[in-house]
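Residue numbers (my numbering), protein chains in the order written: chain A, 8 to 472; chain B, -7 to 466.
Careful: at least some of the hints might be erroneous.
Claimed, not checked - From the structure, some residues in chain A lie toward chain B, with a derived Cβ separation under 10 Å:
| no. | residue |
| --- | --- |
| 1 | Trp355 |
| 2 | Tyr377 |
| 3 | Ala381 |
| 4 | Gln447 |
Stated by the list, open to error - Derived lysine to aspartate or glutamate pairs resembling EDC-like cross-links, with alpha carbons at most 16 Å apart:
| no. | chain 1 | residue 1 | chain 2 | residue 2 |
| --- | --- | --- | --- | --- |
| 5 | A | Lys56 | B | Glu101 |
| 6 | B | Lys463 | B | Asp428 |
| 7 | B | Lys84 | B | Asp120 |
| 8 | B | Lys240 | A | Glu252 |
| 9 | B | Lys463 | B | Glu443 |
| 10 | B | Lys163 | A | Glu252 |
| 11 | B | Lys270 | A | Asp202 |
As the list claims (entries may be wrong) - Take a look, some chain B residues computed to stay more than 12 Å from chain A by CB distance:
| no. | residue |
| --- | --- |
| 12 | Ile94 |
| 13 | Phe277 |
| 14 | Thr317 |
| 15 | Ile322 |
| 16 | Leu339 |
| 17 | Phe464 |
Hints listed in this document are in silico derivations from the structure and should not be mistaken for laboratory results.
The beta carbon of each residue, even a glycine, is placed where N, CA and C say it ideally should be.
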Amino acid sequence: MASTDSPNASLAPSITHWCEAMSSLRAGVAQREFTPKVGIASGVWGAAKKSRSESIHIGLFLTAIAREDSDARRSYIIGIDLCVLGCAECADDMLNGIAKGVGVSRDQILFSSSHTHAVPMPCIHRAKKDGSELIPEFRESIIKKTIDACIEAGSKITDVDITWGYGHCDLAVNRDLPCGSAEVVAFNPEIIADDTLTVGRVSTRDGKIIATIANYACHPTTLAWDNMAISPDYIGMARKLVEAETGAPMLFLQGASGELSPRNQYSGDTALADRNGAILGHAILSTLKAMQSPGCGLRWNGIVESGALLGEWNEEKVSGSSDAKEYRVDVPVRVKEWKNIEQLREEWAGIDADALEERINRATRLRIGYESGAEVTHPVWIWQWGEAIFVAQPGEAYSFIQTELRKRNPGRIIFVVNLTNAPGLFYLPIRSAYNAPAYQAWQTLLAPGCIEAVTDFVDKELKKI
Amino acid sequence: MSKRVIPKTSSTDLPPSEKLFHYPFSASLKAGVAQRNIDPPIGIRAASWGAAASHVATGLHRDITTTALAILHGSTPLYLVTVDWGWWQGVKDDLNIRGKVIAGLGIKEDQLQLHLTHTHAGPNTACDVAHLEGGELLEPYHQFAVEAMISACKEAKDGAIVATLTWAYGKCDLAVNRELPCGEVDIVGFNPDVAADDTLTVGRVSDASGKIIATIVNYACHPTTLAWQNTDVSPDFIGATRELVEQKTGAPMLFLQGASGDLAPRDGYVGDHEIADKNGRILGFASLAVLEKMIPSGNAMRFKRRVESGALLGEWEDFKFDSSTFTNAIRLDIDVPLQDLPTFEELEERWKDIDAGARETRLARARKLRTGYVLENQRAKHPVWIWAWGDAIIVGQPGEAYSYFQMELRRRHPDRVIFVLNCTNGPGYVYIPTPDAYTRFRYQSWQTLLEVGALELITDEVSTAIARMPKFKN
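Assemble the whole structure, with the sequences as input and the hints as a guide.
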């Protein structure tokens, strides 16, 4: 109700239209539960005394969003309640199987693990443990259900509006704790963690929410060696809360959480995972509620003469960007000079035998395809979906990559996603982590400077978009 | 939420577990809470908007409530009372309510911080408009509300138990800047180019078993979702916030309006209750996220041990600790400069050409605003109440301070949790704007009586007083 007869009626701001970052695309969504049988070997903890799962905390889900170009080419983002894909060989096999089943190339899929540590590892090359016999069936189930979900998501493709926004969440803390001459992986109260939460809301043209996307960086390590329940960790409760409120599947994408975890963690108590999930779930809901109505921005409506001189904005239908571009870059990085496996055995000789074997097995499988000191490339997928950009890579990057990319590109909504596709399933720590030294620095195969190189490379790519 | 961490030893060994601690901001005090519905009758005067066609309530969107928190300062009770009302026009209106609550409780003035949440869809607080439509219902309603406040305070005090109060900051994106440049002037409207303070301050009050008995939410955002198109009484966004938080916690929530002179929801000036509820849920979910992250009541954390796993891990554990029992309550009367105020004769001359009724209304409002506040020589004493509850500081004052006030206090005192309350007690029911508000001819600068610099002066005085408050050492 603008006051058209007011002497101030001609007042207007310099910008009379405003909207959040929005995309207008063609997309569809589908979700599958793939919870394995109780009894399967579950968890990834060297300190665990048992391997056979005993219960299910919350079921495991995978969520697929399919996007279609104007030329009918399709691409897929899949978020799945897995820790990692296993060794390079198993990851390759799984990704090839999915791509073949969906009928697309590997680079048309972002297959992204949520990184929960309370699930079976879909790797058949791990040391045999109680419950390992169920792993092959689990792997097949993941491949089949991912293909099913992608095909269903593709069949549901429709015109959608996606509203993007940043929010905040205080679940994550820094987990690089200096202890004498080394660092342990534990809550460090002295360093502030990146609290950025990135959210997308996918709606049909009639305003119905069909999916949400949440990208947040925090290791799902609430549940640890004392836990024998299969669980998505905190993501389970976050998803429950968001899906109950929106009535639509939520796709979770793990951010660059190399050094980030919940403050309260390493527990056997699933209620703690739920509390951590409620922190994230409520933060996501707050961010979603702060968005304008689906497909809407604001238009200046004029002056209103009241007790004060007021300015009225009204919602208006707007279209977001339909620009889309999806490609992969291979960033040159250097492999560090590493100790051989026998040297590692000697170095770790004093620790618990199970923990030692876990470390040796991981180190051995991780090195397949890499040579000490070699020049290699690290793959990064850069997908522009309208006004949002997904930067996904297989490693466990430190939050430096997301804070830097967002700082250097303030006008953009950037999803930064760890643990996506393969190869390159190792940490990307910052230089200081190598000096500490932190666990992440001796787990990784890459030399100091890798994350800085990847960040600079990707930043240059983003500037081109 | 980190407060203090004792540095680790310089030893090259892993630190002994007892050397590393993480304490929440907290307090251990005798506290009680009580809440009352004070819904007004339909037809009551509810005139918050000059642009409204109607000034009486035709319905009720959500309950109007008052919530009282009693804290024992030694043997003296301190009452923090919040009411879903808008603002006072003058000291007479204020004392018509607050004075009666003080008298009814038999307490001194400074034992009460009576806070208005600043909804712009509440019943009128004025006591001199009985002659206007719906005004005849105000006096009995105000008396009913006063009795409810007194009764809530008494129940809160009588039910006070040893409680643990945990404090934490969070963030919420409900508020936006509302000073929109339009040519040479700024108007009151969403300005996308200026970031708003997003600080959310939350308190959780728990009994010895850890059961939550109250929560406190302090956030700065004008409750101006519902505007001239709305004729229903409403707490505005606070209603849905409270519903969400109270459903989850099972305990009353006190909402305390922050220093929101320049802040409002992006979606506002509407008649649609759904928008008010949507705004409330932005804040409600954000408040719940902060509550969920708090350490269990009465606990702190300490480093427990290292664990050899796939990596070398470090385990923390919760442990019981004694929170600060410190309380303090002071009042400042800050000498502030006033603008060169026109005389009432000059105002009469200025408004001589407008409608006679409107002129009289404006003159009456100008008189009310000055009475009891304006002193000679263009000065006033601006009252501020500063209470310390353990690690938390509660700063209440009657004006509508800009967010600079809360941001500065929090920036200068990072080792405390500071609640900053506008619209609390009186007199001094005026905007406290930043200097640029004056140069941009903003509404707030012509509503206020204060001269440029008052905000900075008040901030400095309050900051100095906070710095003098003792700190609890764990």
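Inset, instruction - Compare the distance between the alpha carbons of Lys463/B and Glu443/B with 16 Å, and conclude whether the hinted pair is satisfied. - result: Violated. Lys463/B to Glu443/B sits at ~34 Å, over the 16 Å cutoff.
Legend entry - Assertion that Phe464/B lies outside the chain A interface [Cβ separation over 12 Å]: 18 Å, holds
Inset, instruction - Sort out whether Asp202/A lies within 16 Å of Lys270/B, counting only the CA atoms. - result: With Cα atoms ~23 Å apart, Lys270/B and Asp202/A exceed 16 Å; violated.
Inset, instruction - Classify the hint on Ala381/A as holds or violated, based on whether any CB of chain B lies nearer than 10 Å to its CB. - result: Given a least distance of 25 Å, the restraint on Ala381/A is violated.
Inset, instruction - For the pair we were handed, Lys240/B and Glu252/A, check the Cα-Cα distance against 16 Å. - result: 14 Å, holds
Legend entry - Given pair status - Glu101/B, Lys56/A, alpha carbons within 16 Å: Roughly 64 Å between the alpha carbons, so the hint for Lys56/A and Glu101/B is violated.
Legend entry - Lys84/B paired with Asp120/B [C-alpha distance capped at 16 Å]: 9 Å, holds
Legend entry - Claimed clearance of chain A by Ile94/B, with the beta carbon kept past 12 Å: Its Cβ never comes within 12 Å of chain A, the nearest being 30 Å, so this holds.
Legend entry - Closest CB of chain A to the CB of Phe277/B still more than 12 Å away: Phe277/B not clear of chain A: closest Cβ-Cβ about 4 Å, inside 12 Å.
Inset, instruction - Quick one: work out the minimum CB distance from Leu339/B to chain A and report holds if it exceeds 12 Å, violated otherwise. - result: Label holds. Min Cβ-Cβ 16 Å, cutoff 12 Å.
Legend entry - Distance rule for Thr317/B, whose beta carbon must clear each one in chain A by more than 12 Å: Holds: least Cβ distance 24 Å, greater than 12 Å.
Inset, instruction - Grab the minimum C-beta distance from Tyr377/A to chain B and call the hint holds if it beats 10 Å, violated otherwise. - result: At about 19 Å, which exceeds the 10 Å cut-off, the nearest Cβ of chain B leaves the hint on Tyr377/A violated.
Comparing the model with each earlier hint shows violations of hints 2, 3, 5, 6, 9, 10, 11 and 13; every other hint is respected.
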